[in-house]
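Make the full structure from the sequences, and use the hints.
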Amino acid sequence: MPVLSERYALRGSHFMVCLCCVGVYLLVSYLPLFQSVTWHHVLMGDWILSHRALPQVDPFLPLSDGFRSVPTSWLSDVLMAAIWRGSGVQGLSIALAVVTLAMLILTGRACRLRSGRLRLALLAMAFLIAQHWTQLSVLRPELLGLTCFAALLCLLAQWPDQPERASVRFDHTNRDQPDASSLLNNVAWTPRPSENQLETDGRGVHPTVYQQAVSAFRLIGAPIKVVGLFVLWANLDGSVLVGVAVLALLALGTAWDVALAERSILAALRTPRVQHAVYLAELAGLATLLQPLGFRLWTDVIHGERGSAWTALGGASPLVLTSGSGLAVAAVCLLAAVLLRWSPRRVSAADVLLMLAGLLVTAFNQQMTDWLAPLALWVLLPHVADLIASRSWIAPKCYQPLFVEGEPVPPLAFKYTLLSGLAIWTAFALSPISNPIFGRGPLPLNRLVSKHAPQALTEFLKKSDAPTGLVWLPESWGDWVTFAGPRGLKVSANSQIHLLSERQRSDILQVHRAEGNWTRTLDRYGVELLIIDKPHQPRLLDAALAQGADWTIRHEDDLSLVLNRKNH
Amino acid sequence: MTPKPLTSTRSFALFLTVQCLIASVCSAAWWMSSSSATSDFKPQISNLKSSSEDRSRREPTLANVPSSVEPRYDVPEVVSDEQLANVLFKLRPRFRHGQPKINHIDHALRCWGAEVSFADPQFVSGDEMRRLLTDHDAFKSAWGDKTRGLLIAKEQGVAYRTQQGDASASHVDHTLGTLAECGTTLDFPIRLAGRSATLRDVLHQALASFDINQAEYEWTTLAVALYATDGRPWYTPEGDRLDFNRLAQRIMRQKFGQGVCYGNHRLYSLTLLLRLDDEKHLLTVTTRQNILAHLTEATRRLKENQHAEGYWDRNWHDLKVSTNDEDMALGGPLSRRILSTGHALEWWAMAPSELHPPRETLVRASQWVVHEIERMSEKSIADNYTFLSHAGRALALWRGRFPASVSGPPDERSTP
Chain P
319 MPVLSERYAL RGSHFMVCLC CVGVYLLVSY LPLFQSVTWH HVLMGDWILS HRALPQVDPF
379 LPLSDGFRSV PTSWLSDVLM AAIWRGSGVQ GLSIALAVVT LAMLILTGRA CRLRSGRLRL
439 ALLAMAFLIA QHWTQLSVLR PELLGLTCFA ALLCLLAQWP DQPERASVRF DHTNRDQPDA
499 SSLLNNVAWT PRPSENQLET DGRGVHPTVY QQAVSAFRLI GAPIKVVGLF VLWANLDGSV
559 LVGVAVLALL ALGTAWDVAL AERSILAALR TPRVQHAVYL AELAGLATLL QPLGFRLWTD
619 VIHGERGSAW TALGGASPLV LTSGSGLAVA AVCLLAAVLL RWSPRRVSAA DVLLMLAGLL
679 VTAFNQQMTD WLAPLALWVL LPHVADLIAS RSWIAPKCYQ PLFVEGEPVP PLAFKYTLLS
739 GLAIWTAFAL SPISNPIFGR GPLPLNRLVS KHAPQALTEF LKKSDAPTGL VWLPESWGDW
799 VTFAGPRGLK VSANSQIHLL SERQRSDILQ VHRAEGNWTR TLDRYGVELL IIDKPHQPRL
859 LDAALAQGAD WTIRHEDDLS LVLNRKNH
Chain R
-5 MTPKPLTSTR SFALFLTVQC LIASVCSAAW WMSSSSATSD FKPQISNLKS SSEDRSRREP
55 TLANVPSSVE PRYDVPEVVS DEQLANVLFK LRPRFRHGQP KINHIDHALR CWGAEVSFAD
115 PQFVSGDEMR RLLTDHDAFK SAWGDKTRGL LIAKEQGVAY RTQQGDASAS HVDHTLGTLA
175 ECGTTLDFPI RLAGRSATLR DVLHQALASF DINQAEYEWT TLAVALYATD GRPWYTPEGD
235 RLDFNRLAQR IMRQKFGQGV CYGNHRLYSL TLLLRLDDEK HLLTVTTRQN ILAHLTEATR
295 RLKENQHAEG YWDRNWHDLK VSTNDEDMAL GGPLSRRILS TGHALEWWAM APSELHPPRE
355 TLVRASQWVV HEIERMSEKS IADNYTFLSH AGRALALWRG RFPASVSGPP DERSTP
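Chains P and R, in that order, are what the protein sequence lines are.
Each position in the first sequence, counted from 1, maps to that position plus 318 in the working numbering.
Numbering follows the working numbering, in which position 170 of the second sequence is assigned residue number 164; successive positions increment by one, without gaps.
Simulated pairs of lysine-lysine, DSS-like, Cα-Cα distance not exceeding 30 Å:
hint	chain 1	residue 1	chain 2	residue 2
1	P	Lys808	R	Lys249
2	R	Lys249	P	Lys780
3	P	Lys808	R	Lys314
4	R	Lys249	P	Lys852
5	P	Lys884	R	Lys314
6	R	Lys249	P	Lys781
7	R	Lys249	R	Lys274
Don't read these hints as lab results, they were simulated from the structure.
Now the structure itself:
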């Protein structure tokens, strides 16, 4: 009777990871989509598909007409538009759940590879979810960028080891043997052989076996994977610059370490490790040019263009320590400080460079916390694992097979495998992705989209005569109203507000606060409809209701009030 | 420590060569991006054919001498020679007194031009008016030492103090537009307290601080169009791409009646854009058609809403709008009517004939203006000088001349 290989016999910790992933997937599947951002990308993708070209300016923000803005996430936009065309908003919701899950699994995998401990990886995933909590309902290209970043971290963690590493003998039958991470700690960033290489060989990994594993195929295959990843990433999202920066810092850190050890920069440059790291960073950098913007992806950032990848990543928005992002950064700093004091592992130059650069960039742009979190986990977890091992807080982790192939299989050897399968099936059955199979229809729109999206307003706009002039509305509604309202609506602001001039943004603020002669400001923009977010713009609401016959109420619901400028 | 394995000399040479190559390519790309800074950027509303633009351009290509937009029509029915002479006689710039309002000087200079001079010494000449606006010493001698200067040195050039009382200009860049319409060259010297500059510095500052959504933009548009040599775009320091198509769209974005002087400055600027487009090709065909349609609609409204006596009020675009004065500074119904009527006659005088209303409409309006000015007292004229200057200029333009070249009563005015 054929029996599954032992490698399919999962442990309890595997089951825990599975439950965590399933939980996150189900949670995100039923989270209503955020009212902003997503819809702009869907519209942009739809525009690209319809015109078979990239727009030079934002076609959904007429006031930004003079500012060049070529989407740095055209492929993500197209994918989102294609999903929306094929499966509607329900498809976007499913896509969000799937991509979030992929990002989580890949980050967890990178953490597992770096630390050699599954439970630490599980903790890292929990930290990541906590850090990402407020954005779980936002489907945006950065999410795909984060997934690519996690894949890069996985690739780096699996990078073929250096020849001297091969001299280490590893015998997993010996319980006193320290785990893999502490054996491979002489250069922190240096990619290591995959778990399978260390664990699947029943007799342990011997130098000759491992040296064979570091074959020409892998030495060539790994850069190909990285280049492929970067080409895909560069087209999915402008955040690819983060990946190149990480590789560049790793190369610099490696060179620094080797130069210090050899006391010679020239010798460092002659080291294959350094050269490979430099080549890899350069290959990745060149790969980023294989997208429609070409070199301009970089120069736009350097020139501070409004539509650059940097502004798409949040631009200049200094970190506020009392915010969620600030607390996450503080936690990372605290962990780094503790590890710096107690870790038995040598702190490499790459560790220092990556952490310093990450913290510095996050200080200027708090949205970069999303990138700092997985990077910090990737850098710090090996130290945590070594600290645990050196203090014997937890027994050394050694692999014990549940059964030896060819011998009788113990009862319940596959119980966690079966439970994991059950959990996955349950998640599949309960989530909307199985709706077509079970004959269930898509969820109603009001359950798919945030209750903060003004759905009654867009229904009204669709039924009434489409305004030809400018529609002045809160920026957080611009994307949704353009997406769900009548086609060709000209809105004053949306999530791309960074594309507007300073004066325009100042005017938006003035009207939001109903300050000064705000109605004249609206006249200056030729505003036809004024839409007020009743819960969030109380001053404007009061001021608008106090206006005379020049403004008439066209629509009102719980969320919104629509006023029409009398047409002279 | 085990010595690290080193690559062969050949591999190292290859490594260094690759690094040099990549560094060269990156430097070349960087140099290209920062020095030429070209772009194929093409905004939606500007269907320019050019595929490559210099994004470091902070202003359009400028000529030293501004274009002169000449009057095209000579219609005696609108105003007779005698009527015109009498009207202009009453509108002579009587600003010899101390502390003359700068907006009066501004408007008088625009009406009379820089070359005019009067036999009667109580009236200031065009040259004196221009010096008051461009020479700090002349301004100081008129306004005294305690008044803040009219000209302000700024980071990007020189600016006129605006909307800060009688010793400042009344509209954003109106003075600049006036100087341009008077034919002042860009190298014309501007004297500030303690330093000197040229009119180019004023234009440079106006462009550096320009935002397409600012409250008043008509006179900046006009000045830039008069000095520009072609329709090529330029970029604000913020990176906003501007050209005359965008400026025209901006002018047309607001509803009729909105803006300074009941929206009339916008119509005048559009008219001059059309005229200058004939000569310098500033606009696309689409924009030109849009402007024609916009001005045709303005003419239609003016024709429909003309008062029986021939004037228009602040509600020239829609009679349902109340004429109750929100802004008492304008001085009452007569001031409002002169303002509306004079401005309408002025832009029509410069507009292509297909934008004109029926002759009857024009004659009724101009005759109403003529009769009102003839009846006005000296004080009333002084109070309404800015609006009247538009009306007086308009009447002269309808006779195919600028006011300075209209013959006045004997011995009262001399023109070069």
